[in-house]
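Peer 1: Take the sequences, apply the hints, and build the full model.
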Amino acid sequence: QVQLVESGGGLVQPGGSLRLSCAASGIDFSIYIMGWYRQAPGKQRELVATITSDVRTNSADSVKGRFTISGDNTRKMVYLQMNSLKLEDTAVYYCKASRQYSAYSYWGQGTQVTVSS
Numbered sequence: 052q053v054q055l056v057e058s059g060g061g062l063v064q065p066g067g068s069l070r071l072s073c074a075a076s077g078i079d080f081s082i083y084i085m086g087w088y089r090q091a092p093g094k095q096r097e098l099v100a101t102i103t104s105d106v107r108t109n110s111a112d113s114v115k116g117r118f119t120i121s122g123d124n125t126r127k128m129v130y131l132q133m134n135s136l137k138l139e140d141t142a143v144y145y146c147k148a149s150r151q152y153s154a155y156s157y158w159g160q161g162t163q164v165t166v167s168s
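Going by the working numbering, the sequence shown opens with residue 52, and the numbers climb by one from there.
Think of the hints as simulated: they come from the structure by calculation, not from any bench. Yeah, the Cβ is synthetic: ideal placement off N, Cα and C, and Gly gets one too. Any given hint could turn out to be false.
Simulated pairs of lysine-lysine, BS3-like, Cα-Cα distance not exceeding 25 Å [as the list claims (entries may be wrong)]:
{"hint": "1", "residue 1": "Lys-137", "residue 2": "Lys-94"}
{"hint": "2", "residue 1": "Lys-94", "residue 2": "Lys-115"}
{"hint": "3", "residue 1": "Lys-127", "residue 2": "Lys-137"}
Pairwise CB distance ranges (calculated) [to be verified]:
{"hint": "4", "residue 1": "Tyr-152", "residue 2": "Gly-61", "range": "30 to 38 Å"}
{"hint": "5", "residue 1": "Asn-124", "residue 2": "Ser-68", "range": "30 to 38 Å"}
{"hint": "6", "residue 1": "Gln-95", "residue 2": "Thr-125", "range": "16 to 24 Å"}
{"hint": "7", "residue 1": "Ala-154", "residue 2": "Asn-134", "range": "32 to 40 Å"}
{"hint": "8", "residue 1": "Glu-139", "residue 2": "Ser-76", "range": "14 to 22 Å"}
{"hint": "9", "residue 1": "Ser-156", "residue 2": "Ser-113", "range": "19 to 27 Å"}
{"hint": "10", "residue 1": "Trp-158", "residue 2": "Asp-123", "range": "16 to 24 Å"}
{"hint": "11", "residue 1": "Glu-97", "residue 2": "Gln-64", "range": "21 to 29 Å"}
Peer 2: This is the structure in structure tokens:
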């Protein structure tokens, strides 16, 4: 059974930092692309950043230079370090595992990030 469990969300002031964690179980990390997505109220879910097991990363232009995705293949963990947070980063952040070369994917339950003064 595949499980993705996010943690680390919370309330932070503009300019602050948070580190999100995603604990994965039930998947072979080597054949999945792990990613962080977010959904703000009234908006569509959007890509934040992705990482492969050989540490190829991709991130949205809106977070480049501020957010960093990383992973630990041994522990099956994925992290999102978020710095210089802005009001518009407020959203529910989801962890996603996408099996390479297939349509299979899995989502976590999400963790709320609120940036507010």
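Peer 1: Work down the list of hints and note, for each, if the structure agrees.
Peer 2: To see whether the hints hold, each was checked on the structure:
Distance check on the hinted pair: Lys-137 and Lys-94 sit about 17 Å apart at the alpha-carbon level, within 25 Å; holds. Our distance criterion of 25 Å between C-alpha atoms is met by Lys-94 and Lys-115, whose separation comes to about 20 Å. A C-alpha spacing of about 29 Å is found between Lys-127 and Lys-137, which places the hinted pair above 25 Å, so the restraint is violated. In this structure the hint that Tyr-152 and Gly-61 lie 30 to 38 Å apart at CB holds, the actual value being about 36 Å.
Separation of Asn-124 from Ser-68 is about 24 Å and departs from the stated range, judged on CB atoms against 30 to 38 Å. A hinted range of 16 to 24 Å for the beta carbons of Gln-95 and Thr-125 is inconsistent with their spacing of about 34 Å. About 34 Å separates the C-beta atoms of Ala-154 and Asn-134, a value consistent with the hinted range of 32 to 40 Å. Distance hint for Glu-139 and Ser-76: a CB-CB separation of about 32 Å, inconsistent with the stated range 14 to 22 Å.
Between Ser-156 and Ser-113 the C-beta distance comes to about 22 Å, which sits within the given range of 19 to 27 Å. Between Trp-158 and Asp-123 the beta carbon distance is about 20 Å. The supplied range of 16 to 24 Å therefore holds. In this structure, Glu-97 and Gln-64 meet the distance hint of 21 to 29 Å, their C-beta atoms being roughly 23 Å apart.
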